[in-house]
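Asks: In case you want the letters, here they are:
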Amino acid sequence: MTEVLVYVDHADGVVRKPTLELLTLARRIGEPVAVALGDGAGDTASTLAEHGAVRVLTHVAPEYGQYLVVPKVDALQAAYEQVSPAAVLVPSTAEGKEIAARLALRIGSGIITDAVDLEAGEAGPVATQSVLAASYTTTSRVSKGTPVITVKPNSAAVEAVRAAGAVEALNVTFSDQATGTKITSRTPRESTGRPELTEAAIVVSGGRGVNGAENFAIIEALADSFGAAVGASRAAVDAGWYPHTHQVGQTGKTVSPRLYVAVGISGAIQHRAGMQTSKTIVAVNKDAEAPIFDLVDYGVVGDLFDVVPQLTEDVIARKG
Amino acid sequence: MSLRIVVCAKYVPDAIGDPHFTENLTVDRDDVDGLLSELDEYAVEQALRIKEAADAEITVVTVGPKDAEEALRKALSMGADQAIHIEDDDLHGTDVMGTSLVLAKAVQRAGYDLVVCGMASTDGTMGVLPAILAERLGVPQVTLLSEVSVEGGAVKGRRDGDAASEQLQASLPAVVSVTDQSGEARYPSFKGIMAAKKKPVTSWDLSDLGIDAEEVGLEGAWTTVESAAERPARTVGTIVKDEGGGGRQLAAFLAKRKFV
Numbered sequence: 000m001t002e003v004l005v006y007v008d009h010a011d012g013v014v015r016k017p018t019l020e021l022l023t024l025a026r027r028i029g030e031p032v033a034v035a036l037g038d039g040a041g042d043t044a045s046t047l048a049e050h051g052a053v054r055v056l057t058h059v060a061p062e063y064g065q066y067l068v069v070p071k072v073d074a075l076q077a078a079y080e081q082v083s084p085a086a087v088l089v090p091s092t093a094e095g096k097e098i099a100a101r102l103a104l105r106i107g108s109g110i111i112t113d114a115v116d117l118e119a120g121e122a123g124p125v126a127t128q129s130v131l132a133a134s135y136t137t138t139s140r141v142s143k144g145t146p147v148i149t150v151k152p153n154s155a156a157v158e159a160v161r162a163a164g165a166v167e168a169l170n171v172t173f174s175d176q177a178t179g180t181k182i183t184s185r186t187p188r189e190s191t192g193r194p195e196l197t198e199a200a201i202v203v204s205g206g207r208g209v210n211g212a213e214n215f216a217i218i219e220a221l222a223d224s225f226g227a228a229v230g231a232s233r234a235a236v237d238a239g240w241y242p243h244t245h246q247v248g249q250t251g252k253t254v255s256p257r258l259y260v261a262v263g264i265s266g267a268i269q270h271r272a273g274m275q276t277s278k279t280i281v282a283v284n285k286d287a288e289a290p291i292f293d294l295v296d297y298g299v300v301g302d303l304f305d306v307v308p309q310l311t312e313d314v315i316a317r318k319g
Numbered sequence: 000m001s002l003r004i005v006v007c008a009k010y011v012p013d014a015i016g017d018p019h020f021t022e023n024l025t026v027d028r029d030d031v032d033g034l035l036s037e038l039d040e041y042a043v044e045q046a047l048r049i050k051e052a053a054d055a056e057i058t059v060v061t062v063g064p065k066d067a068e069e070a071l072r073k074a075l076s077m078g079a080d081q082a083i084h085i086e087d088d089d090l091h092g093t094d095v096m097g098t099s100l101v102l103a104k105a106v107q108r109a110g111y112d113l114v115v116c117g118m119a120s121t122d123g124t125m126g127v128l129p130a131i132l133a134e135r136l137g138v139p140q141v142t143l144l145s146e147v148s149v150e151g152g153a154v155k156g157r158r159d160g161d162a163a164s165e166q167l168q169a170s171l172p173a174v175v176s177v178t179d180q181s182g183e184a185r186y187p188s189f190k191g192i193m194a195a196k197k198k199p200v201t202s203w204d205l206s207d208l209g210i211d212a213e214e215v216g217l218e219g220a221w222t223t224v225e226s227a228a229e230r231p232a233r234t235v236g237t238i239v240k241d242e243g244g245g246g247r248q249l250a251a252f253l254a255k256r257k258f259v
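Top line first, the protein sequences correspond to chains A and B.
Residue numbers are given in numbering that gives the first Met the number 0: position 76 of the first sequence equals residue 75, and the series is strictly consecutive.
Residue numbers are given in numbering that gives the first Met the number 0: position 8 of the second sequence equals residue 7, and the series is strictly consecutive.
Incorrect hints may have been included.
[Claimed, not checked] Cut-off 27 Å, straight-line C-alpha distance, at most; resulting in silico cross-link-like pairs (DSS-like, lysine-lysine):
1. A:K285 / A:K16
2. B:K240 / A:K318
3. B:K257 / B:K50
4. A:K285 / B:K257
5. B:K65 / B:K190
6. A:K143 / B:K155
7. B:K155 / A:K181
[What the hints assert, rightly or not] A short, non-exhaustive set of chain A residues, derived as facing chain B with CB atoms under 10 Å:
8. V53
9. V82
10. G109
11. R207
12. N210
13. N214
14. K285
15. P308
16. T311
Since the hints were derived computationally from the structure, they do not count as laboratory data.
Ideal Cβ placement from N, Cα and C applies to all residues, glycine included.
Use the sequences and the hints to build the structure in full.
Replies: Structure, rendered in structure tokens:
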């Protein structure tokens, strides 16, 4: 059976969920071979094996932490040359997309980014994408070279399937470009204890109507009652009420959770582009004419400062 | 010698319009107004700020049909010095690999120390072009910067990722991309708009860049769109007016859908 290369996104050996989704999707096309790089790469093996990786290629070197992107491209290319896979799958993070794109050019292959589904096809894997501000759904395939495809979080339900997951050391020779962009310092983000925005099953977002950084506590309290991630509209981010890394929209992150709760968000096209593929959408806004209400499964026209705390209280009580 | 900055700018359909697909599964842009991609305005802005701090010359380059000149005029009215418009009938349907080839040849021909791009286009939203361009040019990529500066032959910047915030540094020449957090783009002044009318716009076609028609366009694309379907309109949901119990009603709905 043909092998499919899966790039592993992990933090010191802890595999992030989108990679497990990729292993599930990879099994539709062939046998997943995982590539894990950097500190803790070897620690990923058992998790990857439990999710279907037949082999785990690892390489640890200081370059991965000292220089931007290119050392990882060199390593993925080395794995590509060793395995000759039917496809290369990479999680659709900012870095993942850059790694995939540079690899695709090097190996003379087309690239598809931000796939939301993947199926085996007669002429190679067929990727589903959500395009033009999520107003269209397309299917595409790579027509030249070995398909390189980046896949968004929440694109598949994770399936646990045990495979050998034999760890093998990958041989990597770094290119001249590898040391071109030095990471001179790195400040890890403080963990909020909440799920990652793009990976979360439920997202609660606040917008202009929240009216102040301090009022985001109301949004956070609702999110915590669900175990949800917190998002923010561009207006809220531009006003300095919430960090940019939480921005949902065309110039921020696109999310596709099972439930999206929009609070005090009008629903400008910029925001809709980032969330309208969410499965269930609910909104609270005092403006009955807000465009967000065109998208919702359930909407409450009312003052968020009345509605949201009551909702939070009721959710906690029901979970009681 | 002054720093040569090339800004890559894209002319994109206005998101307020209603872009759709044509029969050959490319995006029909004919009946939708276009404009300079908002994210590229940030690239122009950062180039202008670098110029304000050092001796520099800014060339803005775009690949696109005749109307794309509007994007160049916008950048010129903001303060860019000159523009290059790459226009060729054979470019229709070009994918990111082809576009990066055209831009790589163009910036090489124009001469550059620093290429500045937006983080993504607002239409394609792939966000990979700057990285591919750096790979093609064989120069460092310093991408997704929320802060950028040039000093002593090096570019420095801050990249805010999900897990960490990183300070980056690379020697020139380099390709950078900037995010919408890098600093509000300025509005063109009346004087800037008048001055832009007199600034030079050079036109190049594929032969000027030594690119064969087969390497670009729909035929030269390395990916194929097989189908495009408009997303079905969402079914109209329930909207209630809060009369004191709106929060509880919403909780009940969510409980029914098993989210609680």
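Asks: Next step is simple, just say for each hint if it's right about the structure.
Replies: Cross-check of the supplied hints:
| no. | hint | verdict |
| --- | --- | --- |
| 1 | A:K285 / A:K16 | violated (36 Å) |
| 2 | B:K240 / A:K318 | holds (25 Å) |
| 3 | B:K257 / B:K50 | violated (56 Å) |
| 4 | A:K285 / B:K257 | holds (26 Å) |
| 5 | B:K65 / B:K190 | holds (25 Å) |
| 6 | A:K143 / B:K155 | violated (36 Å) |
| 7 | B:K155 / A:K181 | holds (10 Å) |
| 8 | V53 | violated (28 Å) |
| 9 | V82 | violated (21 Å) |
| 10 | G109 | holds (3 Å) |
| 11 | R207 | violated (17 Å) |
| 12 | N210 | violated (17 Å) |
| 13 | N214 | violated (16 Å) |
| 14 | K285 | holds (8 Å) |
| 15 | P308 | holds (7 Å) |
| 16 | T311 | holds (8 Å) |
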